[in-house]
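Using the sequences provided together with the hints, build the complete structure.
Residue numbers (my numbering), protein chains in the order written: chain A, 1 to 335; chain B, 336 to 670.
Calculated from the structure, these hints are not laboratory results. Just so you know, these numbers come straight off a predicted model, no measurement behind them.
Restraint-style ranges between C-beta atoms, simulated for each label pair: (1) T612/B <-> G120/A: 40 to 48 Å; (2) D513/B <-> V84/A: 48 to 56 Å; (3) V519/B <-> G120/A: 48 to 56 Å; (4) G360/B <-> G177/A: 25 to 33 Å; (5) T277/A <-> A477/B: 39 to 47 Å.
Backbone N, C-alpha and C fix where the C-beta goes; we use that ideal spot for every residue, glycine too.
So you can see what is in the structure, the chains are spelled out below.
2 protein chains.
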Amino acid sequence: MFNVAVVGATGAVGSTMIRVLEERGFPVTELRPLASARSAGSVVEYLGKPFEVQELTEQSFEGIQIALFSAGGQRSRDFAPAAVEAGAVVIDNSSAFRMDPAVPLVVPEVNEDDLRGHEGIVANPNCVAAPLVVALKPIADAVGLERVIVSSYQSVSGTGAAAIEELRAQTAGNLAGDEPAPSVYPHPIAFNVLPHIDVFEDSGYTGEEVKVGNETRKMLHLPDLAVSATCVRVPVIRSHSEAVHIETTEPITADAARELLMLAPGAVVLDEPASNTYPLARDAEGRDEVFIGRIRADASHPRGLAMWIVADNLRKGAASNAVQIAESLVTHGWL
Amino acid sequence: MFNVAVVGATGAVGSTMIRVLEERGFPVTELRPLASARSAGSVVEYLGKPFEVQELTEQSFEGIQIALFSAGGQRSRDFAPAAVEAGAVVIDNSSAFRMDPAVPLVVPEVNEDDLRGHEGIVANPNCVAAPLVVALKPIADAVGLERVIVSSYQSVSGTGAAAIEELRAQTAGNLAGDEPAPSVYPHPIAFNVLPHIDVFEDSGYTGEEVKVGNETRKMLHLPDLAVSATCVRVPVIRSHSEAVHIETTEPITADAARELLMLAPGAVVLDEPASNTYPLARDAEGRDEVFIGRIRADASHPRGLAMWIVADNLRKGAASNAVQIAESLVTHGWL
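In structure tokens form, the structure reads like this:
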């Protein structure tokens with residue numbers, strides 16, 4: 001049994017982490033919810049009992065074995081070292097340490113072995129990259145993978161609770177003819193599509209788009225994999241969808257790829273066009289699996305394959321994957 | 336001055352056709368709005384005057400020089416021959432004749448010359464393909480074009496007025512906790528994303544996705560162009576967005592492509608990431624131009640380029656392009 005801290009316990013991902021610990025029956029002795037001073041004193045529920053949120057300080061981690069962080073990159077950089085110093089393993093949902101060569105970046109179904117020999121910090125991947133590697137790994141292993149082009153349809157919950165409220169309020173206002181001005185996003189998100197997630201880099205790609213490439217390469221152990229992403233916010237509350245076109249090293253048919261994916265850990269194939277069965281954002285909500293459909297030979301390339309991938313960004317894209325990492329560490333005695 | 340019939344005058348595209356004729360000051364002597372028996376008798380306004388909608392029959396086209404059709408493929412197949420017989424040129428917004436070798440498929444900024452020698456019917460392209468070729472044509476001419484991968488973010492107005500009402504009612508219901516069941520789409524569209532437009536073919540592509548490839552090849556006169564599309568419905572009222580990755584024959588820098596597109600007829604470049612300037616669905620509403628931004632070197636290919644294209648699907652994707660075709664025919668004496 002373990003003492004588990006959740007840093008950012010009142011946020012969209014942190015509160016989902018507590019739900020996932022509960023649902024998956026993680027062996028918790030003490031749950032310690034932590035947050036900024038602003039949220040300290042509020043109460044979260046765990047297994048029907050109230051837990052008071054404590055202020056995050058360098059002294060917060062005494063006796064903690066596992067610290068799940070989801071409070072932004074700056075807080076991870078500031079407080080993860082103190083948690084490790086206190087003897088905890090940090091599983092960090094921010095991008096702060098993901099590309100650090102000393103830090104494993106892990107989706108357990110894909111590269112669990114990378115957890116071996118961690119030095120106290122394990123990184124949880126980006127919410128687009130995590131589902132993507134679940135779908136790509138079996139194909140890369142079977143026939144090699146050379147190039148990935150992905151266009152995302154990302155829900156506002158990836159931005160946080162304030163963005164969910166902004167989408168709801170803006171949409172209600174729009175329908176009533178009195179739309180409030182945007183504050184979380186630079187433009188209205190209600191009935192709109194924003195090709196802008198994270199900051200723009202000199203290359204013209206956004207930070208989010210660059211992360212998808214870097215993290216996919218790192219998790220698949222394919223440093224030369226060519227990746228191009230267009231990351232787009234859509235007026236959806238929950239779950240990210242991805243239109244994916246790949247090029248493999250050896251050709252593979254859509255049928256063979258579908259069979260591989262049906263057997264892939266963590267993946268569920270929903271691919272019966274005749275009955276309008278394909279992955280949908282709203283159906284993925286609350287689920288830990290990665291849903292894959294629209295699997296077809298890419299008409300534009302002799303070794304191309306196209307597919308449609310959907311996962312709950314707060315679960316497989318964040319909280320559930322973090323808890324699965326904790327489970328792996330415990331199961332293998334790698335804590 | 337011309338007698339102009341609008342077939343499907345009460346639909347989302349047909350009513351926009353009447354607005355565009357008005358706004359662009361098309362030289363109309365008589366406007367003849369036509370629709371099915373169900374809509375006959377209703378009234379549309381043109382230049383401030385009421386026009387009664389007449390029932391579409393084979394006798395509807397006497398004295399008509401230009402017939403704009405937007406009432407579905409079946410009505411086009413059934414009634415276009417009668418219109419041509421009566422001496423009209425048909426500009427057809429359905430997919431019925433688009434791939435007929437005897438029928439020009441035209442975006443005037445791209446392949447106006449194809450209108451020469453028409454045989455009475457001209458086809459108006461698909462709402463994803465029309466904006467796409469406006470952006471691709473100058474690049475194809477300058478450096479050659481080999482492959483196009485496009486993921487779309489298509490608004491519900493592409494389905495018609497009932498779909499707009501479904502999105503609005505479903506969204507309002509969802510926010511109030513009492514969501515009506517879907518009827519236009521097979522799944523809820525409110526706060527959801529549907530990777531399904533048109534019918535599925537055996538290849539796994541949808542009819543819409545196949546159209547994007549076929550029509551792009553035909554309009555660009557590039558029969559061997561490799562195209563793969565994923566066409567997706569998003570909860571947006573108006574305007575389609577497209578994430579586009581292309582491969583050119585000769586390399587071209589993002590700066591050079593941006594300059595070409597700034598000079599391209601019908602295109603407006605909105606590409607200042609530092610000030611959050613990029614094309615947006617809601618900003619494109621009511622505009623006839625194709626908006627292009629997020630122009631960048633594709634990190635996954637040495638001759639790759641990525642961009643983001645947005646256009647009002649009812650205007651450049653349908654009604655405005657049809658009226659522009661009429662203008663071209665008149666201007667060049669090709670009627």
